Amino acid sequence: MQLEQALPELLIKIADDELIIGHRNSEWTGLGPVMEEDIAFSSMAQDKIGHAWALYRILQEHFNGSDPDQFAFMREAADFKCCHLTEMPISSYDFSLMRHFLFDHAETVRYQSFSQSSFTPLQQLAAKIKGELKYHTLHADAWILQLCTAGAESRGRMQQALDNCFQLAGGIFEPGEAETLLIDEKVYPGEAALYQQWLNNISPVIEKAGLTIPAMTAPVYGGRKGQHTEHLQQLLNEMGEVFRLDPEATW
Amino acid sequence: MQTITTLQAVYNALDHVMDPEIPVLSVLELGMITDVKVDLEGVHVKMIPTFSACPAIDVIKENITNAVERELQMPAFVTVDKEVNWNSNRLTDTAKEKLRNYGIAPPGKHEGEVNLDMLIKVSCPHCGSENTYLRSPFGSALCRALHFCKECGMMFEQFKPLS
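Protein chains in written order, with the working numbering: chain A, 1171 to 1421; chain B, 643 to 805.
Careful, some of the hints might be misleading.
[Said to hold, decoys possible] From the structure, some residues in chain B lie toward chain A, with a derived Cβ separation under 7 Å:
1) F693
2) S694
3) A695
4) T721
5) K724
6) S778
7) P779
8) F780
9) S805
Don't read these hints as lab results, they were simulated from the structure. The structure displayed is predicted, hence computed values, not measured ones. Don't be surprised by glycine CBs; every beta carbon is placed ideally from N, CA and C.
Based on the provided sequences and hints, a complete structural model is requested.
Written as structure tokens, this is what we have:
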């Protein structure tokens, strides 16, 4: 595979993760357990969708890709490269919070590595995004610690959420086909390196919270190859419902 | 001489373009303008958003175009500068003072990285007390966090420090 194919593959999977988790975050709008959390998940949704748009824009400008809106709303599930963690329904707040914690720490590690990338458009975007992500991890860490020290039931639910999310989170780091090429070309250090750094970053928070980190025995792969759960198509149907009424409309 | 006069006029026009979410600050005071050039085609303005997913960006671009075209009677071309990233040290001192008077705590100056203290130790813009706490890193706009003042019992917002 050439760099001209490897780079879009990398950009698409990261952007799709952002778009899909962004949409999931937005499903908390109006439903948050407290007002501040309603606002937080809505704000994070806005950030994620904005980041996805910026990545789709790089695809459009540098790889002859289609318009970001068309690309986001008109593809079928099999053309999406998001990991399964992002597509799962919001479930209860403990699940959504744990997903947000695991995902945003992964994003932080990823964008920190991208900020050294040899691919300039990605490097420039990452330098901006990594500062913004601090607020996401700050939010996640604070709530994880707070809920895990709020009594046995609360900590039990957070442990359950961690157990439910952990193999799914492993899927964020599903290796791509052109991994070696991207590493050799210094685009980024590859999924295995990011995974290790991610573990190093989340472990102190998880320990401080008094939770037990499960072994990564069966990371849920497939998303990067376009294999998805049934939840993704349902999400896409809802997300694109208005857009597809008139795909050429100007908003 | 002609060019200098024109450049000054462009900056004057930009000083009249207020941020839609913080109407007391102009795009210049917010540090959103990275370059201004005037040539035979017209006026070229490069700008940057505060937060990358800022939904107001298109409105701001349009407002800049309209202000420059109206005040200079020249075509204006506004583009987003990808080579420069906004960070909160770009806010001028006047801007910080205006923010405080508007009821929003300004961000402190950082040395390249934002540390946790900068988010947590924030003086109340209403009573000046430092007896406050961070209630949520997310507020009514992407660029703001929510704080609470234990002294005067008021909720207030902070313009987030960003590196």
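Okay, the hints, checked on the actual structure:
1. F693: holds, 6 Å
2. S694: B:S694 check passes; min Cβ-Cβ to chain A is 5 Å, inside 7 Å.
3. A695: OK, holds: B:A695 within 7 Å of chain A, min 2 Å.
4. T721: violated, 13 Å
5. K724: holds, 5 Å
6. S778: holds, 4 Å
7. P779: It holds, given that the least Cβ distance between B:P779 and chain A is near 4 Å, below 7 Å.
8. F780: holds, 4 Å
9. S805: holds, 5 Å
Of the numbered hints stated above, the single one contradicted by the structure is hint 4.
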